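> Chain by chain, the residues run as shown.
Protein chains: 2
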Amino acid sequence: MSPSDLKRKGETEAAPALPLPAPAKPAPSGPTRVVLASEVAAAFINDLKKAVSEKKTAPLLVGFLANNDPAAKKYAEWTGKTCQDAGFRFELRECEKQELEDKLFEANKDAKVNGIMIYYPVFGGTQDSYLQNSVSIQKDVEGLCHTYRYNMYHNVRFLDESSKFKCIIPCTPLAVIKILEHIGVYNKIMHEGNRLYGQTITVVNRSEVVGRPLAALLANDGAKVYSADEFGMVEFHRGSGIQLKKHEVFETKTTLEEALKASDVVITGVPSDKYKVDTALLKDGVVAVNFSTSKNFKDDIRQKAAIFVPSVGKVTVAMLLRNLVRLEEYQEAKVV
Amino acid sequence: MSPSDLKRKGETEAAPALPLPAPAKPAPSGPTRVVLASEVAAAFINDLKKAVSEKKTAPLLVGFLANNDPAAKKYAEWTGKTCQDAGFRFELRECEKQELEDKLFEANKDAKVNGIMIYYPVFGGTQDSYLQNSVSIQKDVEGLCHTYRYNMYHNVRFLDESSKFKCIIPCTPLAVIKILEHIGVYNKIMHEGNRLYGQTITVVNRSEVVGRPLAALLANDGAKVYSADEFGMVEFHRGSGIQLKKHEVFETKTTLEEALKASDVVITGVPSDKYKVDTALLKDGVVAVNFSTSKNFKDDIRQKAAIFVPSVGKVTVAMLLRNLVRLEEYQEAKVV
Chain B
1 MSPSDLKRKG ETEAAPALPL PAPAKPAPSG PTRVVLASEV AAAFINDLKK AVSEKKTAPL
61 LVGFLANNDP AAKKYAEWTG KTCQDAGFRF ELRECEKQEL EDKLFEANKD AKVNGIMIYY
121 PVFGGTQDSY LQNSVSIQKD VEGLCHTYRY NMYHNVRFLD ESSKFKCIIP CTPLAVIKIL
181 EHIGVYNKIM HEGNRLYGQT ITVVNRSEVV GRPLAALLAN DGAKVYSADE FGMVEFHRGS
241 GIQLKKHEVF ETKTTLEEAL KASDVVITGV PSDKYKVDTA LLKDGVVAVN FSTSKNFKDD
301 IRQKAAIFVP SVGKVTVAML LRNLVRLEEY QEAKVV
Chain X
1 MSPSDLKRKG ETEAAPALPL PAPAKPAPSG PTRVVLASEV AAAFINDLKK AVSEKKTAPL
61 LVGFLANNDP AAKKYAEWTG KTCQDAGFRF ELRECEKQEL EDKLFEANKD AKVNGIMIYY
121 PVFGGTQDSY LQNSVSIQKD VEGLCHTYRY NMYHNVRFLD ESSKFKCIIP CTPLAVIKIL
181 EHIGVYNKIM HEGNRLYGQT ITVVNRSEVV GRPLAALLAN DGAKVYSADE FGMVEFHRGS
241 GIQLKKHEVF ETKTTLEEAL KASDVVITGV PSDKYKVDTA LLKDGVVAVN FSTSKNFKDD
301 IRQKAAIFVP SVGKVTVAML LRNLVRLEEY QEAKVV
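Which chain is which? The protein sequence lines are B and X, in order.
Quick note: the first sequence uses the UniProt record's numbering, first residue 1, plus one each step.
Quick note: the second sequence uses the UniProt record's numbering, first residue 1, plus one each step.
Note that these hints are calculated values from the structure, not bench results.
The structure displayed is predicted, hence computed values, not measured ones.
One or more hints might be untrue.
[Claimed, not checked] Facing chain B, according to a computed beta carbon distance under 7 Å, are these residues of chain X, among others:
{"hint": "1", "residue": "P31"}
{"hint": "2", "residue": "R33"}
{"hint": "3", "residue": "I183"}
{"hint": "4", "residue": "N187"}
{"hint": "5", "residue": "I189"}
{"hint": "6", "residue": "M190"}
{"hint": "7", "residue": "Y197"}
{"hint": "8", "residue": "S240"}
{"hint": "9", "residue": "G241"}
{"hint": "10", "residue": "I242"}
{"hint": "11", "residue": "D284"}
{"hint": "12", "residue": "Q303"}
{"hint": "13", "residue": "A306"}
Cβ atoms here follow ideal geometry from the backbone N, Cα and C, with glycine treated the same way.
This is chain B alone, in the form it adopts within the complex (with noise of 0.2 Å):
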C-alpha cells in the first residue's frame, strides 16, 4: 500500500459512508457470506417505525446544508428519504455559511425541533469544531459534542448515575458497532463490555469522526485494535487480560501489513478508489467491513473472507434516527 492513499480526515470532513445502494451482482460462489447493509438496518427500521407510530407527533430532524456540496445535498436527500419511509419528519435548512450560527441557535432553541445535524464541511478546520460544540446536547444526533466524545473514550456508557439513559455514540461508528453484533463478531455469551475479547481487528482510517472513535469503542468492548492512518500505526487496547477499565493508546512498531496478517477482522474507511487492502495479506477467513464510499477490498475477498460488508450507510442512517429517537425521550425526561 500507499501510505499517501490513506488520508487523515480532519474533524470536519464531510458526512461519512454515503448510503450506497447494494452491490447488484449476486455473491460468487466462495465461501464467503456478504452482509448488505439493508439487511442489518431492516430490525432497526422496524423498531424505529414501531417507535416512532407509538407517538403523538414524529420525532423532528433538522439538517443544515451550507456548503454547496453535492455528495452532501446527495445525503441529505437519502435521509430525507429514510426519514419520511420511517415515519419522521425531515427539514433541510440550505443556507449561506455566515449564516449558519445564527440559525443553528434558532433550532437549539425550538422546543419542535428534536434533532440537529450539520453537513460537513462548513468552514472546514477547527471552526467547524466549533460548530460541533454549538450543536445542543440534547439535540447533537451525530454525537459528535465534546460531551458524548468525551464519553465515548472514557467508556462512560450512561448519561445518568442510575444508568438509564445511554450516552449518544457518532452513527457511523455505532453502525460499525451494531454491523459486528449483527454478524457475530460480538460474543453474546461474555459480559458487556468484554465481548471482544480475544479479537484482534485492523481500522484503517483514524479519523476523528470515524476511525478514532471506532477504535476507542473496538477496544473498550475488549479487542485489541491496530489503528492505521498515511502517520502510522497505533494500537488501542485494555492491555493483557483485558485489566484496564477504559481503553488506552499504545505506540507500537507492528506495521500495517502485520496488523493484516494478525487480524481477525479488518474494518477499511480510505476514501480513495486507489487504496485497495491487499487480500494476500489477509488471513483466510477473515471479517472484512468497509465503511468508504470507496470499494477498499478487491473483489478476490470474496474467496478469502468468511464475512464481507461491502458496505455501512443503512445501517448508519439508521442509527441517527436511533439517536433522535433517545434525543427526543431525553428531551421529555429532562435527562440533559
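Chain B is fixed; fit chain X onto it per the hints.
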C-alpha cells in the same frame, strides 16, 4: 510440555470424560467467562424430557459392563441417574467378558431395547473394535460403528437421500461441538457447514473415540485444526478458502507451541494430572475447553481466556440420550 504426557488413547480406551461435578469455587475477578457443562446441558435435557413425555413408552438404553472398572461403573451409575431424571429407562447389564458378545446380540434383536452402549475397554485393542461394530447400527447410541464413523470422516451428514435423518455422531466430540455452538465459536450467520471458517483450533488428543473425530468434525465445519498427540502434529482442514468438500489431513512442521500461540480455541483431553497447557503460550482472549477428567489447564487460565469450559461430561450424557431419541425414531421409521 513433555510429549510423554500426551497419552494416545487407543480405539478401545475407557469411556471418555466422566461427568464431573461443577467446580465449587466461584470465578475470580478476571475477565474470563467460565461456562459449566451443566449450563450447556440444561436446554438439551429439557428438550429430552419433553420428547420423552410425548412418547407412549420411555426409550430403553442398555449399558453393558464387563470390565470390573470402578470408573466405568461410576459412569454407568451416573448415566442411569441422568436417564431416570430425564424420564428414560436404563438397564445396566453386568456380565463376564466372554459372555458379552452373546448378550449383545440378544439386545440387538430385542425390539424393546432402543439403544446399546458398552463400557470400554473390554478386551482392549482390536477385539474391542470388533465389539463396536457388533452393536446394531439401529441401536448404536455411541456412534462408534463403522458406518457412523465413515460418514463422519467423509462429511456425510444424513443417512437418507432426502436429508431427513441425521447421522449419529460420537457423544463426546458432539458434546464439544454443542458447547462451541453454545459459546458462540460457531458463527450462526454463516452457512451451515462453514461456521468455523476463520477459526484456528488446537485439539490436544488424537484418540479414535474423541480427538480424531473431533478434529475431523471441526475441520469439516471450516476450521483450521492442529491435532496433537505424543506422536506429533497434523493439520485437519478444508484447504485455503475451505475449497474442499470434506477435511483432509495434512502433514505439518508446526510445533504444538506454535499451534497454541496461533489458536483461537484450544481443546484438551489428556488423561493425566501431570499434563498442563502453558498459559503463557496462549493468545490473550483464547477459548479454552477441557474434556479430560484431569485438569489440563492451570488456574491462571481464568485470567487469560475469554471463555473457559472446565469439563464437558454433562453435555456428553445429554448427547448420549439425544442419540437415543433419534435412534428410537429411526427404528419407528425403519430408516436403517
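> All hints, please: hold or fail.
Against the structure, the hints come out as follows:
1. P31: X/P31 check passes; min Cβ-Cβ to chain B is 5 Å, inside 7 Å.
2. R33: holds, 5 Å
3. I183: holds, 5 Å
4. N187: holds, 4 Å
5. I189: holds, 5 Å
6. M190: Holds - the Cβ of X/M190 comes within 7 Å of chain B, reaching about 5 Å at its closest.
7. Y197: holds, 4 Å
8. S240: Since the shortest Cβ distance to chain B is 6 Å, the answer is holds.
9. G241: Since chain B brings a Cβ to about 5 Å from X/G241, closer than 7 Å, the hint holds.
10. I242: Cβ of X/I242 sits 5 Å from chain B, so the hint holds.
11. D284: holds, 6 Å
12. Q303: At about 5 Å, which falls below the 7 Å cut-off, the nearest Cβ of chain B leaves the hint on X/Q303 intact, so it holds.
13. A306: Where the cut-off is 7 Å and the nearest Cβ of chain B is about 4 Å from X/A306, the hint holds.
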